[in-house]
Amino acid sequence: MVTMVKMPKSSLTMEQGTILKWYKKEGDRIEKGEPLVQIMEEKSTIDLESTVSATVLKILAGENEDVPVGRIIAVLGEPGEEIPPLEELGVEEAKPKALEPELKASKFEEAKPYAEVKASPLAKKLAKEHGIDLSEIKGTGPGGRVTESDVQKYLEARAALKVEGKRVKETIPVTGLRRIVAERMVMSATTAPRITLFMEVDASGIKAFRERLKVFENLQVSYTDILVKAVAKALKEHPIINSTFEGDSVKIFEDVNIGVAVATDMGLVVPVIHNADQLPLSEISEKVRILAEKARENRLERRDVSDGTFTITNLGMYDIDTFTPLINPPECAILGVGRIVEKPIVKAGRIEVKPMMILSLSFDHRIVDGAPASRFMQTLKKIIEGVDLT
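Reading the sequence shown from the start, the letters are residues 2 to 391 in this note's numbering.
Please note that a few of the clues may not be correct.
Unchecked claim - Think about it this way: if two alpha-carbon atoms lie no more than 25 Å apart in a straight line, the pair counts; the simulated DSS-like pairs of lysine-lysine are: (1) Lys-170 with Lys-154; (2) Lys-208 with Lys-382; (3) Lys-22 with Lys-7; (4) Lys-26 with Lys-10; (5) Lys-126 with Lys-139; (6) Lys-208 with Lys-234; (7) Lys-348 with Lys-295; (8) Lys-234 with Lys-383; (9) Lys-26 with Lys-7.
As the list claims (entries may be wrong) - Here are the in silico distance ranges between beta carbons for each label pair: (10) Glu-27 with Lys-126: 35 to 41 Å; (11) Val-342 with Glu-157: 19 to 25 Å; (12) Pro-122 with Met-318: 49 to 55 Å; (13) Glu-27 with Glu-255: 47 to 53 Å.
Bear in mind the hints are in silico, worked out from the structure with no lab data behind them.
None of these values were measured; they are calculated from a predicted model.
C-beta: ideal position from N, C-alpha, C; glycine also.
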């Protein structure tokens, strides 16, 4: 009896996943509990294990392909077992990436009757929606069969040809993590009325503190590590910032879980430092380092990116002074951090040169008004400038 392997649904909001890597190929033997495929969920990756000992009879989704939740991605069984027709399974056969659909010069050829064109049900549906003659598309499926992917690429090629005066160098599909980030940023911009406050902070204290740790305790911490500790302390004094808007109520979180935005080759991810308010700076620094490394190596697990209550995003290393960060839904607020730069400032009637940085707090105006958000920023400024990190 064959076993259908489906794209799993790991959360209530998950609609599709991305195939990152197949550990087995068709014809390979796999044992129960052995990893079959690596899948990207919502900003984390999982290894989907086989539930049976069997042979991989068919792989129905290629690497880097987005697959809806519940769709069959592979068929397992014993050699010689019959596989149901792909059309009945509602899927199409995976194909090599090198194969691309071609726009045929049907203008000079006699088109085949529509009914004679071999095409999958999904391809026919998509073609009908866009008024496309399937005979104009060269199929890449078995026996020249036109697949849904062929129709999609035909549409992309046709759209590119219609752009007058603009030559397209490259079309980059928005898939995987980049698609997830795009969807979440649209959600953030359209659901949470965002206000951003900017505040300049004297970084002299934390700069000297960082150097002392390095020299006397042989502990290397980043400014981001210090800010995680400072923000966690400020949130305990202003719990309304550590909240979310849900339905017709605001829920204030007991735990202080600080997300730290990390740029990777695949896109932006936000690993989470859980219970940051209870951790010493040395442990925060170690956790940030490990999670950032896992993020860049695409090894983050679901736990690593779950249950964040506040996010910090630091662009100072890119020479950015200030910016307006987008809230990481469903959180209430996010702190943007700019670079530290020497500036002349006036103190007690005298001009002094100090290392200054600008902090940007974007917050959900449904939850917080300007005054309480400003008080949070005042507290954070006091903690940073006083190096009050105990």
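Hints violated by the structure (numbers, ascending): 7, 10 and 11
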